[in-house]
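S.K.: Residue numbers (this note's numbering), protein chains in the order written: chain A, 1 to 72; chain B, 73 to 562.
If you're looking for bench data, these hints aren't it; they were derived computationally from the structure.
Honestly, I wouldn't trust all of these hints.
Unchecked claim - List of simulated lysine to aspartate or glutamate pairs, DMTMM-like, C-alpha gap at most 25 Å:
#1 B:K387 x B:D227
#2 A:K3 x A:E61
#3 A:K3 x B:D227
#4 A:K3 x B:D435
As the list claims (entries may be wrong) - Short derived list, chain B residues pointing at chain A, Cβ under 10 Å:
#5 Y154
#6 F164
#7 E171
#8 A286
#9 L291
#10 N307
#11 H310
#12 I501
What you are looking at is a predicted structure, and each value in this text was computed from that prediction instead of being measured.
Glycine included, C-beta positions come from ideal geometry on N, C-alpha and C.
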Amino acid sequence: MTKPSRAALLLALIPFAAMCFSVPLWDRIDPMLLGLPFNLFWLIAWIVLSSGCMWLAYRVEVARTAPAQRDP
Amino acid sequence: MSPAAICLATILAIVAGGTIVGLLAGVHRRMDLEQWTVGGRGFGVALVFLLMAGEVYTTFAFLGASGWAYSRGGPILYVLAYLTLAYVVSFFFLPQIWEVGRRHGMQTVSDFFRARYGSPWLAGFVCIVGIACFVPYLQLQITGVGLIVSIASYDGIARGPAMAVAVALLVAFVCASGVRAVAWVSIIKDVLMVFAALAIGIGVPLIHFGGIGAMFRALAQAHPAHLTMPGATRNLGHAWFISTVLLTSLGFYMWPHSFAASFTARSADTLRRNAVVMPLYTLTLAFIFFAGFAAVLVVPGLSNGDLALLTVVRKSFPPWFLGVVGGAGALTAMVPASIFILTAATLFAKNLYRPLFAPAMSDAQVARLARAMVVVLGLISLGLALSTSTTLVSLLLTGYAGVTQFFPGVVLGLYWARVSARAVFAGMIAGVGSAVLLMTSHHDPLFGVSAGFLALCLNFLLVVALSLVTPALSRDAERRPGTLAWAAGA
């Protein structure tokens, strides 16, 4: 069993910090951006940014594993 | 034709079309147990993806999320956070589950506990909890169909008979076709759902306010507290948000059908890549929220918030469009319900009844027993749907409080050699027990924190503490150099 690397875990902590633990900081209506209340805008933005974080984590994990274990 | 007739005919056409596609997918195939439950293990990546994505687009998202946006406001934002973070969490254990699953020939979450901890009783307990948690989730889908039919018939057909018909259809569909049919209907369902969500989410604010931005400005002016937490509630604040997001994002893949779907992936790498892409699948839900928030101003004063989406669609669009939305909604209830009922029935017959009570049963007998369980589970859920009136979101959260109790056993089992079967069993009993106790005594949330999350913390602490005090002797016997302490076959 290969344990995940520390770098990948740290990258995964970013979405948790942004979308979960920091809720008192961004749960407000103003400023409205793109017509959305700030809390809704923040979460939608972080759906996309989280995907980016996990893409970086994926690159880190792929670089660690032997090429033979990867899909073609 | 009256509006109700147009609307109901459209719904019927969509549901019938979906059912026929499903039944055609199952024809020409011999229906043994393996074919019925896991599609003969022959699913490509696309079908697996659709099965796994099924959870995002259920009646919960469609009627439940818009319903809470309408009746509760800000707290519903937890859905966007939890789905995204569930995929983030999955990156770190699903590929590993897939690896041990292949090595030990696992099909269900119960198989995992059996192989890792070697206790048939622990594996049986996991089955019971899994099946019990499916009941509110099934009830949610059936209630959804009842709401759709009663709105679409312009209140001409009562909710009770509509739910009974839905359950009969569901049971017939599942018994006749199995998982392959479900996967194919998923495609139709997802396409219709995305179309409906975008059309409603953009259309409703446009028709009544001139745009999404104008709608939110009007709502922020009329009900400034509605858009933030705790919204229209007293106790669903930030502590509730954090604890509920943690509970549900950790529990997402503990649902037996989601856990099992990961075994059908082609490789561990596929699951990692899925975790990168899947958060984007959540974006459509934002449009459902728009419709729920718009309904606050367009159709105020509904007694049942879960009716908000359909009522606002009925007020804004022609009857045929309400029919399309209703048909999409009916499929988003029927498809996941089929998966749940299929998974629960298989768990009961294959992982609970046969290993503990009737080891000599043949596969054909197990398949017959599983089909009988489909009927029983359908009737139990129907009975509950007829007799209670909980909101759709609350029903799902009830299920989560139960299934997430598997999480410590799964993740510690993968990564911590010291964790013992007794510790996991004790932790799970304490977790499930305290969750049931808190929720039935109406202490959810407790001091503003989700009861299921408190139960999970208790579970986790017990597992760690009891594993640390378990005598080292029994552990050394299980441990093999370089691998985890798999008790399989011991």
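S.K.: Now tell me, hint by hint, if it's right for this structure.
M.R.: For each hint, the structure was consulted:
1. B:K387 x B:D227: 14 Å, holds
2. A:K3 x A:E61: Distance ~10 Å between K3 (chain A) and E61 (chain A) Cα, so the pair holds.
3. A:K3 x B:D227: 56 Å, violated
4. A:K3 x B:D435: 37 Å, violated
5. Y154: Hint on Y154 (chain B): holds, closest Cβ of chain A at ~9 Å, below 10 Å.
6. F164: Given a least distance of 5 Å, the restraint on F164 (chain B) holds.
7. E171: 7 Å, holds
8. A286: 8 Å, holds
9. L291: 9 Å, holds
10. N307: 15 Å, violated
11. H310: Nearest chain A Cβ about 5 Å off; hint holds.
12. I501: This interface hint is violated because 27 Å lies over the 10 Å limit.
In this structure, the earlier hints numbered 3, 4, 10, 12 are contradicted, and the remaining ones agree with it.
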